[in-house]
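Enquirer: One letter stands for each residue in the lines below.
2 protein chains.
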Amino acid sequence: MKEFELIKRFFSEQAIKRKDVVLGIGDDCAIVSPSERQNIAITTDTLVAGVHFPHETSARAIGHKSIAVNLSDLAAMGAEPTWISLAITLPEVDLKWVEEFCRGAFDLCEFYNVQLIGGDTTQGPLSITVTAQGLVPVGKHLMRTGAKAGDWIYVTGEIGDAALALKHIFKEVDVAPEYRESVQRSLDFPTPRILAGQALRGYASSAIDLSDGLIADLGHICTASKVGANIVLDDLPISNALRDTVGLEKAFEMTLAGGDDYELLFTVSEDNKVGMETSLANTTNTITCIGQINRSEKITTTLNNKPVAIHAKSFEHFSNRKD
Amino acid sequence: MKEFELIKRFFSEQAIKRKDVVLGIGDDCAIVSPSERQNIAITTDTLVAGVHFPHETSARAIGHKSIAVNLSDLAAMGAEPTWISLAITLPEVDLKWVEEFCRGAFDLCEFYNVQLIGGDTTQGPLSITVTAQGLVPVGKHLMRTGAKAGDWIYVTGEIGDAALALKHIFKEVDVAPEYRESVQRSLDFPTPRILAGQALRGYASSAIDLSDGLIADLGHICTASKVGANIVLDDLPISNALRDTVGLEKAFEMTLAGGDDYELLFTVSEDNKVGMETSLANTTNTITCIGQINRSEKITTTLNNKPVAIHAKSFEHFSNRKD
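Protein sequence lines correspond, in order, to chains A and B.
Quick note on UniProt numbering: the first sequence kicks off at 1 and runs consecutively.
Quick note on UniProt numbering: the second sequence kicks off at 1 and runs consecutively.
Here chain A stands alone, though its shape is the one from the complex:
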């Protein structure tokens, strides 16, 4: 199919900027030269149209997001992103669409000095699978397994706005016009917290990126670390847009259950708190302490120092939509 050859050329014409890429797109494989004393972090994520993003999402946003969700996984390991393989399945050849998709994807790659080293272009229902790789010094990668009772729980940025954007698209809520752009941007153009992840090496006892939702992802850390946690709802970093649109109670629920935030959730021991804050001060990331790890083996929430129940059903609803 001649048109698909055109698209392939579109991808293969990306200039090689990284010195560790020995051979880029155009042969049976790419060849990269890993540096000594670094391990390689590898992650793969698929985005399917209508499942992971609404069909009406712009090509540029899809391009950005397909890279961002993978870089976010690298960030959660404390890795420095290096190489990307991109497999895209397209229902038809629309060069304008592909151009916009590439703009979204490659702008983000360029920002983080990530090289597209390969991929595949096939015909079929719209779906994108990215495999992203990054380097991390031997023994310095962050995992889900290290959280200990007493550790403080932090998140970067604000959470819940991506879930709010989806509810607005599905007409379940009406976001005020002055908030719409920033809320939509949270959903379409998430920022992978690459520098924060690297700054956390040696300080965070565990880390994960927020893709499934705060409770679900904290649950992954608790399960892997065999601990429990309490979240102080009063301290959740909720945007004005979310609070003003759905009210505080619903905002708590959406912040806990939402997903698609691509902020980092991490734990830090009391001893490492100051070191972590100093290390992170060199990045532009805001962080908020939202609770503490404990021995309970479950996740609880408090408001005004009193226990409150988590709306688990709402979480189920959100988690069902994904995968």
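Take these hints with a grain of salt, some might be off.
Note: identical chains are not told apart, hence a pair may lie in one copy or across any two.
Said to hold, decoys possible - Okay, derived cross-link-like pairs now, DSSO-like style, lysine-lysine, Cα gap no bigger than 30 angstroms in a straight line: (1) Lys96 - Lys167; (2) Lys8 - Lys167; (3) Lys19 - Lys306; (4) Lys140 - Lys306; (5) Lys8 - Lys19.
Just so you know, the hints here were simulated from the structure itself, not pulled from any lab data.
Start from chain A and add chain B according to the hints.
Expert: Chain B alone, transformed into the frame defined by chain A:
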């Protein structure tokens, strides 16, 4: 979606057998530890149901093939396969199907000591994207660019049977019952020529795997190496099944244009011929010399020492079906 969690567990329960895998499935990324003085070869291929394999293909064959086509790319670079990321999109949860798929995929991984290190399971139209990685000593990878006038052209194995199997499925030909199993096997369970690829390091001047068809793939080598080639039709390694089913003339055409063979096509200088043959004798691969590289910048064919025209139209037909 709870059922998808089940499938994820299915993949994540694969034992880690390679020592260079520091962290397997279950965190945000896998972590691998590349050995010194080795480069990494990386390839990605997507198989879409109805495009890259008929809808009626068995789950086990799909599992095998999704890994095999990627290992075949590694073979063509002379790389030793090491790590696999597998992204699978499924229309519905059918655990029996997934079990058979895994059997096909993991049997092949195990045979070549390849470790599944990550992936993603999503809901949508059936499609599989595999990213395969392998190690190759620095400077020893095989490329498409090194063929020189006078080099001999070789292929491993027999070619054309996968194309024959497709024609049988589409009822364009009728393969005799005694041939059906082996012909179907060529299409469904191709063998990546891993050992042959490694044996060719230092001997082959160029290499590629046969996925698009002999003429198309030899064309990739000729374009990359800025050379031409002549194929001696009399010498093509055609199976009895193919010859007996369609006759010799049509068999030539299908061997040249077919695709999906996953044999290696490579070039060797006169000086390296004996060294290559000795090196390959340690593997179980048969090889056949099918022609010679020249300065013509085009691909010609001869039969009984006389030039004959290539049925290019037939090639177009086949190439259109893929991508």
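Enquirer: May I ask which of the numbered hints given earlier this structure violates, with the numbers listed in increasing order?
Expert: 3, 4
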